[in-house]
Amino acid sequence: MATYLEFIQQNEERDGVRFSWNVWPSSRLEATRMVVPLACLLTPLKERLDLPPVQYEPVLCSRPTCKAVLNPLCQVDYRAKLWACNFCFQRNQFPPAYAGISEVNQPAELMPQFSTVEYIVQRGPQTPLIFLYVVDTCLEEEDLQALKESLQMSLSLLPADALVGLITFGRMVQVHELSCEGISKSYVFRGTKDLTAKQIQDMLGLSRPAVPTQQGRPLQTSEQPVISSRFLQPVHKIDMNLTDLLGELQRDPWPVTQGKRPLRSTGVALSIAVGLLEGTFPNTGARIMLFTGGPPTQGPGMVVGDELKTPIRSWHDIEKDNARFMKKATKHYETLANRTAANGHCIDIYACALDQTGLLEMKCCANLTGGHMVMGDSFNTSLFKQTFQRVFNKGFNGEFRMAFGANLDVKTSRELKIAGAIGPCISLNAKGPCVSENELGIGGTSQWKICSLDPSTTLAIYFEVVNQHNAPIPQGGRGAVQFVTQYQHSSTQKRIRVTTIARNWADAQTQLQHIEAAFDQEAAAVLMARLGVYRAESEEGPDVLRWLDRQLIRLCQKFGQYTKDDPNSFRLSESFSLYPQFMFHLRRSPFLQVFNNSPDESSYYRHHFARQDLTQSLIMIQPILYAYSFHGPPEPVLLDSSSILPDRILLMDTFFQIVIYLGETIAQWQKAGYQDMPEYENFKHLLQAPLDDAQEILQTRFPMPRYIHTEHGGSQARFLLSKVNPSQTHNNLYAWGQESGAPILTDDVSLQVFMDHLKKLAVSSAS
Amino acid sequence: MSQQGYVAAPPYSQAQPGIGGCSAGFGPPNSSLHYGHYGDPNSSYSAPQPGVSKSTVPFGSSAPVGPPPPGTHQFSQTNFQNGPSTPGQQPHRFQGPPPPSNTGSSYPPYSHQSQPAYPNTASTSSATQLANQLNSMQINSYGPGTAPSPRMSSGHPASLQGPQLMPPTQQQMSLPPGSQVPPPANTVNGLCAQPSLPPMARQDGIPGPVPPNPNLQQLPGQPPGPGYHPQQANYGTQMAGSQLSYPGAFPGGPAQLPGPQQKKLDPDSIPSPIQVIENDKASRGGQIYATNTRGQVPPLVTTDCIIQDQGHASPRYIRCTTYCFPSSSDMAKQARIPLAAVIQPFAIVPPNETPLYVVNHGETGPIRCNRCKAYMCPFMQFIEGGRRYQCGFCSCVNDVPPFFFQHLDHIGRRVDHYERPELSLGSYEYVATLDYCRNNKPPKPPAYIFMIDVSYRNINSGLVKLICDELKTLLDKLPREEQEESSAIRVGFVTYNKVLHFFNVKSSLAQPQMMVVSDVGEVFVPLLDGFLVNFQESRSVVINLLDQIPEMFADTNESETIFAPVIQAGMEALKAAECAGKLFIFHSSLPTAEAPGKLRNRDDKKLLNTDKEKTLFQPQVNSYEALARDCVANGCCVNLFLFPNQYVDVASVGLVTMYTGGTLYKYNNFQVSLSDSNFLSDLRKDIEKTTGFDAIMRVRTSTGFRATDFFGAIYMNNTTDVEMAAVDCDKAVTVEFKHDDKLNEDSGALIQCAVLYTSISGQRRLRIHNIGLNCSSQLADVYKTCETDALINFFAKSAFKAILSQPLKIVREILVNQTAHMLACYRKNCASPSAVSQLILPDAMKVLPVYMNCLLKSCVLVARPEIPTDERAYQRQLVTSMGVADTQLFFYPQLLPLHSLDLKSDSVPAAVRCSEERLSEGGAFLLADGLRVFLWLGVSAPPELIQGLFNVPSFAHISTEATSLPDLDNPFSKKLKSILEHIQSQKPYTMKLIIVKQREQSEMLFRQFLVEDKSIYGGASYVDFLCCVHKEICQLLS
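Residue numbers (the working numbering), protein chains in the order written: chain A, 1 to 767; chain B, 10001 to 11038.
Think of the hints as simulated: they come from the structure by calculation, not from any bench.
Don't take each hint at face value.
List of simulated lysine to aspartate or glutamate pairs, EDC-like, C-alpha gap at most 20 Å [what the hints assert, rightly or not]: (1) Lys10614(B) x Glu10866(B); (2) Lys10506(B) x Glu10578(B); (3) Lys198(A) x Asp306(A); (4) Lys10465(B) x Glu141(A); (5) Lys260(A) x Asp10529(B); (6) Lys10472(B) x Glu10485(B); (7) Lys10506(B) x Asp244(A); (8) Lys193(A) x Glu10594(B); (9) Lys198(A) x Glu10594(B); (10) Lys10506(B) x Glu248(A); (11) Lys10598(B) x Asp202(A); (12) Lys193(A) x Glu10522(B); (13) Lys10977(B) x Glu10944(B); (14) Lys10992(B) x Glu10961(B); (15) Lys10498(B) x Asp202(A); (16) Lys385(A) x Asp355(A); (17) Lys198(A) x Glu10522(B); (18) Lys10506(B) x Glu141(A); (19) Lys10333(B) x Glu10866(B); (20) Lys10506(B) x Glu181(A); (21) Lys10444(B) x Glu10594(B); (22) Lys193(A) x Asp306(A); (23) Lys193(A) x Glu10572(B).
Sample of chain A residues facing chain B (criterion: CB under 10 Å; computed from the structure) [unchecked claim]: (24) Ser186; (25) Tyr187; (26) Leu204; (27) Gln250; (28) Trp254.
Built from N, CA and C at the ideal position, the CB exists for glycine as well.
Between the sequences and the hints, there should be enough to build the whole structure, so can you do that?
Now the structure itself:
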């Protein structure tokens, strides 16, 4: 273990876990002085090529309040066939199947390299995956056509035995029956009336046949699944039918008069979708996939009225408390999201429209259930088409990159308590001794439900060191955390993944340098950012920024080396060196800044930020910039206006956008057509290189980023200019007196100014 | 003058004395016999009587009170009464008629003579009328195209060309007035009436049987001698033959053979509806009836004639209970004759009559009186050289709009009088402007929505398949405007059981789409585009759908149905499509599924004859009424086809149909193989019917009286606007009028009925019917111009409405009471004084008692546990929207002898009276009431007839199961078919054929329709009722 960097990487590789601190301060007091909380980013289903699942049940600690899983950290008495739980110290008998256990004959879960083990368990009936399409028909003809094609195409991507259903909505909501021949049949609901799950099931004829209504109807009494199968059918059976049905989908036929928005009953449609699954397939993996092309305009969950002259709410309206429908709509969708989550289903939102579609109100549907949220301009864009296609991507082992109904259980050793989690999950309200009273994120529980997750879904989990200052930790003692994730694999198997990690304790007073060195500034930045974004959801933006600033200053004060009141003396060790820069970019990011973003966009960005893994999150915080020029191979350059040079091609990846920017000269060359001349083939290659690289990113990213190809002076160049550090602006352009770089027309502070202030405040004795 | 009409009677009176004497002699025995005779009837009659009894003492007791001898005296006097004028005039009177009677046999002259009668009745106007005619002839020459025959009113060449007989009549008409021929109709009627009286008198006095009958039949005309004949002459010679048996019987009977042992009153001697009908047919049938005179009484509904609109609406559109209104309300109260008009605004006119002209004034719209808003019509008087006109209704003087200005001719009539339908015709249409449209938007063509109950029963019975198959062909026959190629009507389809299924049949779809709405609590329309389609465009999809519907639900086991949400859905669909339309609902069971309008079986026989019986006719839940209101507000007419095999609560489910101007069809115990032809033919007719949609009717009257009450398949939001979601050719609204003030005898009583509606092509139009009635301060005038058929229509409707709020007993009492009252009033005021016990019937109301008795016997007014509640509610509803012709047939069915068919002629045989006595073992009869048609076969009916009709060798082989007759190639069969066809034509419902064999069980049902007999349900026989009424009258007079 050469460096902490390697250690961190290795741990991430193996366990999908990154801690902000990899050596833990041993007392509560010290821990709080560390400013950045002890926390980790957990990717529960991190893809492990080298981890074949084992085909048996995990061995659990017998203490009812513990139930930790046998792991390499446990002490094992091979002779007595006993093992001691490393969390509660309960001594447990091995089950009979482990009779042959010995030092040389260890089960996988006891081997140190298997700190993460995946179990396949046989429990309960296996139900196929369910995909319920909820499709908006108030679209432009072209959009609808594109959407229809995408949906038709998706049928071929679904697992053959998956159940699929279709709900369409506009002014009315239609639940399509898929089993009928000759005539397409659908159940129609009023778009303005919210119905309870029971009503919905009654109206769809799904209620379990009550005793009194049974006489003379032998057909329907047979089997529950038979009934619901009218709406949810195995793909392989109704493939053709559904393709035709989708093909015949018409635009919502209700006339929309001039100056009006089409009446769109998204709220009721979702409610019906949720109700349909709730009654028929509770606690099985199911995706409700909502495709909408505009804001809900009627019924429960309406976001804006149908008058076009009243625009949809903006941040300005929200601040002024002018968003009439927001609270009610949000409440509606929250209720739905909670119901959905309780049933273990998830809701995806694919919203494609030029204007807002009400993602702000609907975001909880995706956020709480682990569903996807995709925002695009139109269904007729590759952004949507490919993103949608990618939902059904398969992993290296040919399995869908989706899992359902995960239940994450976190166990900690006694010195630690769980403060909360931030990510696409809901609390299961599992109180226990290891649950802290101080909540960070979704707290008050040691278990969370993640209704849908994929290999990159990442939760931030926050801990609290509760060891008292005066209660020393035995030398060489290690704190341990166990993550037990039970989930439904895409193959419908039930699986349990168990990750047990341990870190050393260190006394912050004597061994601060150890702790310091083991600081993972990347993880810390993301963890702090998640906290910040989480707070931003409920607090005013400036408060959050102020809080972040204070935290940063305190961190610098704690770990910086400086002489008081001398900003120039300020130094940060290597393990902290990038952290302020991350914070600088985070402050500017759309996750915290709503200026120039619609509420929908903010919700969209925050949604992704709260679920992506560390690498992606970092890209979101601080976009990556590559430069291509004749001067050398492509190289990463500073995200700074000084990097914008005339003879460079820049490739910026902000996660949401891929921007290729041709410098002024390059653009002129291209216009002149040099790339087509054989003697300038190298120019052609230069032009091609960023395209290829971009393609590579585009291939793997979910959701598919917006792809922008622009040049110096192009209108789309704003995407680049708004991200780079404005080291040169119209204010200081001549002061700098350099020709390189491009001035950014902004009053934002640059990183340099930010750092200067930071230093000044950090060293100030006043604070 | 007017009284002279009655004078004709005297000759009679001379003949009568003998009779009087006779009866006098038999007086005492009669009373005792009476008891005996009525012993039975009394008991059966007792039900109605308690109510009546206040005035009418049971026969037994009354008989002694009304001393028989006077009665007999009366008899003789009756004749005088009818002709109140002094005997001295008689000879003079007499002279008139005889000549015609002698020449009688030649038909044409008589026909002319019937015409002159009118001027006479309106004696004051006879002179002016003559002038008018002359004028009109002159004007003819003004006409643009100088018609080849100058006599034709060329102003409306089209209208007049049809009936070419017209000119001659006009000529003729001018002549008779000069000759002062006595008014025939009245006198004749008077005479006819009298024959009927004697029996009554005799009944009082003479219980004796009718031994004379045989004698009389041999020599019918003889006894009355010369006095009698002239009367007949007035009827027209043709009558003579048929009349023989009837009048002959009467005078002869009492006069010659006063057998004390007589037990039964001779039915032949009491006024015969058949006789009246035939008389009218004979005198006016086949002729041209021109509506050129105010207050003229039209021919009976049963009489075929050609009606020519000359300023008053055709009786096909409006029929009044009396054509002369009493001039003051006191008079009206005294007479108690309902003043009412039965308006059938969309009545079908036969092809040989001119259809309505459409007047289009472009954007200015119809010309209306500024004050009362009456539409321009012949009653408007142009003054000041044509610059202004005075409204005939409110007398307001209005300016003539410049574009409408026209000069007046020398008699003050506009030069373009005959060029403008609104100036010269009683009925015409206006093209309405946007002001008359909903939301000021031009209406869209109406839509028909077919809503089929696909619950288990209907699927299982094959009904759904039947309907679907039939619709495939029917949809090609949707009504269209004559000038258009295809129908503008759009169609939509819904099926339902516990939930609703809508179908998208947009032409661009490869296959129909079904949309299920299960939110029946708050039903809504799931789609707009593609629901209502043009059949021609969406043909393949619709056919596909109709093919699939029976299969789709083939394995259904849903037995519960909803109903109110179905209507609601249809209404919402029309509302969403912004058009009016009709729903065709095919329903079969009580809607018991959990939904609005859910019904329970509340049929409770215990309620019969209690104060709560009326609830059976009221809807079970209130929601139906609200639904009806919404439907009307949205122009949604509901046609309901019911196929019940048990109680379905017609009173509730039929309510919306009734209020929206829809038609209710009911097929009990429907079986596809047996009863489908009836249903299909009803459906076909209904779909093809000409209908006005989203209609609103307003009846305006001249000052002094106004419309106060409306009966029909209508909805009223306020007291004046009659709203009808749709109104078709068979729907009639009966309007009752009351006095506000005194009526002016000169200006008469004018009525204008305007119906604003949307035509089948989606054009907004106004249909205007104008009719002018006379006014008189003489009650006799009023009685003279009464129309019994219209009266019965009115009584039926008002009684059927009254049962919603009053116990049946009271309603029946009121009817009897009013009958008696009207007759008593006549007796008191119009007839010359006579003994109280004499029954005197005004000529025009001669058959009122028999008809009234039929009404009283109608199952709606008779509470018997054997009669299904649904059937009563159903009939109540049917009658409420019936026109005069329909009620006439419904209450007094037509009984036709078949054994004596003249196979060579085209004519329908003469009907006989509805009494068992008319049947004969050796005969076969057809009885039709508009809903059913019975084929009754006597046990010894001629085998060749049986062979001819049924293709079976003998009576025993005939199956009574059949619901139709085989099509056989023989004269019997063909003749019968043609008769059936004839009866069926113009009838709104396809009559169900029931074959009845004498002395078989099914004969019981048949007997109920022999309305002159005592009914098995306790209704009195004609004779008994007549006596009862007589008692009542006596009571009133004493």
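We went through each hint and held it up to the structure:
1. Lys10614(B) x Glu10866(B): Within the cut-off at roughly 17 Å; holds.
2. Lys10506(B) x Glu10578(B): holds, 18 Å
3. Lys198(A) x Asp306(A): violated, 30 Å
4. Lys10465(B) x Glu141(A): violated, 38 Å
5. Lys260(A) x Asp10529(B): Holds: lysine 260(A) and aspartate 10529(B) sit about 18 Å apart, inside 20 Å.
6. Lys10472(B) x Glu10485(B): holds, 19 Å
7. Lys10506(B) x Asp244(A): Answer holds: lysine 10506(B) to aspartate 244(A) is near 16 Å, not above 20 Å.
8. Lys193(A) x Glu10594(B): Status holds; Cα separation ~19 Å.
9. Lys198(A) x Glu10594(B): This hinted pair holds, its Cα atoms lying about 15 Å apart.
10. Lys10506(B) x Glu248(A): Status holds; Cα separation ~11 Å.
11. Lys10598(B) x Asp202(A): This hinted pair holds, its Cα atoms lying about 18 Å apart.
12. Lys193(A) x Glu10522(B): With Cα atoms ~9 Å apart, lysine 193(A) and glutamate 10522(B) stay inside 20 Å; holds.
13. Lys10977(B) x Glu10944(B): The given pair, whose Cα atoms are some 16 Å apart, holds under the 20 Å limit.
14. Lys10992(B) x Glu10961(B): Satisfied, since the Cα-Cα distance of roughly 12 Å is no more than 20 Å.
15. Lys10498(B) x Asp202(A): holds, 11 Å
16. Lys385(A) x Asp355(A): Holds, because 19 Å separates the two Cα atoms, which is no more than 20 Å.
17. Lys198(A) x Glu10522(B): This hinted pair holds, its Cα atoms lying about 16 Å apart.
18. Lys10506(B) x Glu141(A): This hinted pair holds, its Cα atoms lying about 17 Å apart.
19. Lys10333(B) x Glu10866(B): violated, 39 Å
20. Lys10506(B) x Glu181(A): With Cα atoms ~18 Å apart, lysine 10506(B) and glutamate 181(A) stay inside 20 Å; holds.
21. Lys10444(B) x Glu10594(B): violated, 35 Å
22. Lys193(A) x Asp306(A): Holds, at roughly 17 Å.
23. Lys193(A) x Glu10572(B): holds, 17 Å
24. Ser186: holds, 5 Å
25. Tyr187: Holds, because the Cβ-Cβ distance from tyrosine 187(A) to chain B comes to roughly 4 Å (cut-off 10 Å).
26. Leu204: holds, 7 Å
27. Gln250: holds, 8 Å
28. Trp254: holds, 5 Å
Comparing the model with each earlier hint shows violations of hints 3, 4, 19 and 21; every other hint is respected.
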